[in-house]
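A.B. asks: Okay, here's what each chain looks like letter by letter:
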Amino acid sequence: MDIVLQQLVNGLTLGSVYGLIAIGYTMVYGIIGMINFAHGDVYMVSAYITAIAIALLTFFGIESFPIIIIGTLFLTVAVTGAYGWVIERVAYRPLRNSSRLSVLISAIGMSLILQNYVQLSQGANQQGVPTLLTGAIRFSVGDGFVQITYMKLLILLISLLGMGVLTYVIQKTKLGRMCRATQQDRKMASILGIDTDKVISTVFVIGAMMAALAGVLITLDYGAFDFYVGFIIGIKAFTAAVLGGIGSLPGAMLGGLILGLSEALFAGLISSDYKDVFSFSLLVLILIIRPSGLLGKPEVEKV
Amino acid sequence: MSQAVGINFKKSSIDALIAGFLALILFGPIVGVLLDGYKFDFEFDRVAWIVAIVAVGRFAVSSFFQTEKGVAMAFRYANNNEGATVLAPNHKSKMVWIIPLVIAVGLLIPFVASKYVLTVVILGLIYVLLGLGLNIVVGLAGLLDLGFVGFYAIGAYGLALGYENLGLGFWSMLPIAAILAAVAGAILGFPVLRMHGDYLAIVTLGFGEIIRLVLTNWASFTHGPNGISAPLPTLFGLEFKRRSRDGETFHEFFNLPYDSAYKYMFIYIVLFAVVWAVLFIKHRLVKMPIGRAWEALREDEIACRSLGLNHVLVKLSAFMLGASTGGLAGVFFATYQGFINPSSFTFFESALILAIVVLGGMGSTLGVVIAAFFLTVLPEMLREFAEYRVLMFGILMVVMMIWKPRGIVRVTRTGFAPRKGAVK
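Sequences listed follow chains A and B, in order.
In terms of numbering that gives the first Met the number 0, the first sequence is residues 0 to 302.
In terms of numbering that gives the first Met the number 0, the second sequence is residues 0 to 423.
Careful, some of the hints might be misleading.
[Said to hold, decoys possible] Using 25 Å as the maximum straight-line C-alpha spacing, the simulated DSS-like pairs for lysine-lysine come out as follows:
| hint | chain 1 | residue 1 | chain 2 | residue 2 |
| --- | --- | --- | --- | --- |
| 1 | B | K403 | B | K281 |
| 2 | B | K10 | A | K197 |
| 3 | A | K171 | A | K197 |
| 4 | B | K262 | B | K91 |
| 5 | B | K9 | B | K286 |
| 6 | A | K197 | B | K286 |
Just so you know, these hints were derived from the structure itself, not from any lab.
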């Protein structure tokens, strides 16, 4: 019983982070119908920037934890957002009118570039960040106990905050209305005076920022990362996006939570060696059984 | 578009400044701060170099696109050069002369080249086979398969495990592996091919990773990350070893001194024959109705379905054919290496094969052959730049998609001339 509860707690935090990354996939797919293959590597870049930001902040003599975490969040989100903008500008915008295959191949190329660029500049070794936040809340359940570390609470809090702010922006602000209009009908939106290229750039920046949020949180929690971490977590976040219905924002968050919870339960109860196989199989199964996901609309091909 | 004569240097300078500033933000942290455990070092000179290169490059590009030539070039890329080169109806291909020449030279290589050159050429030919297989799937049928390495792994592990568990050798596994890979392709493809193209890419990617993870984790059967040895090919039962426990070896039978290069010569000749067989089959298939259906489906799926083409079966045939070619390549890879482990079958390998197809030209056979040799032999020659290999592949893929989405060698078609006396 305590194992199940503990895994549920772990799965909830993991799932909220998957949800954050899945937002990037789902928004980009919704607006230009492409799978941004390099998104996982944007997450990986943000993990490196997190470590660098922490190193720089401590180098300048800042010791207090709240300032470090706020500073790191701010720096990482800003720089990763710039990455999102530049990637879209360089690799995807020139291909706006090309076939979907071309854009996807370009995205795969971008993913390889990011991985190798980070490997070349930072080395292939695993890197790490020091543990900044320790301590935990414990509940006794039956014979054992369930432990929720403060770090996990922080992850939940910040990811909920991030998702809340994003939902507000998309639903209530002018920028959000422009995004939704472009998503529904790009040509019509541009006729009505919306600069759709700018909106698409904005969506890439938002996606990258959400991935950066996830990058800071996961890096602070796990401590270790290398240039290859983006690949696996990218596919998993994509699975979450598809599970919730690609193109749907609440779907991405829901899909992330479901994937995180089921993966944690699978790892805890059945086999942790095969937990990645479980996620990939889940992805294949969803795509075969219900490609439109839980909250998505079925895609109708038009001539 | 004719008003742009004379270069507006102010605009170029502003572009360069913005690009330099962005480069500083992007590269500043990652290139400028070298992490080393919990410590770090500043590397300001690397950042300065990159920012300077980006700014100067942006200035040059910005200026170039303001000249008349640049405007014309931008216009040409805005309308991407799709389609095929059409030859005159009475065009006589020079291939009638080139092919026998290439075969003759190819057959000479094992007897004149050193062992090292031979191994490099064998690797190149294995990638030619992989490129041809993926080219059927991606280039002809337009299905993006990111898990192609899965079929490659099935072929390679099929040989190693078939030998260990069932005692099957190279020659029996060669067709069996092709069939196994094709069956795997059918099982994966049948449910997936009904849906939208992009999803196929991700499902196949997941499939490739599942294969690799199972090979890594199922240690009792596959020996896990430690790998497994694969048998060498035999010539009518003669082994290419120094000594054989059962029967004679190759060099004993022919009274030759032992040379470890013999086995590579033999693998090379078999592989060379298989590559030509695949080339021939593919060449013929493209001209048959099934090949036409692949290309038609790639160009416009809705139109094809409206005309009554069974899109699932057509796609499935391409997918299975590509998979079986991948399986064949896997058998050759295993026997050539003599030892395989799951680390040879990562996603990077799939991306490399995709880079071959993209560089060579979607659907172009000649282009794929050239690109396969280019991308496998060149890194062997430029070993000191080995760490930049992946970066180059990535840049290559992005640039090719923007610049020449149909690859370096365009598909050619013989022109069509109406018969004399036909109604105009």
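A.B. asks: Which numbered conditions among the earlier hints are violated in the structure presented, ordered from lowest to highest?
C.D. replies: 4, 5, 6
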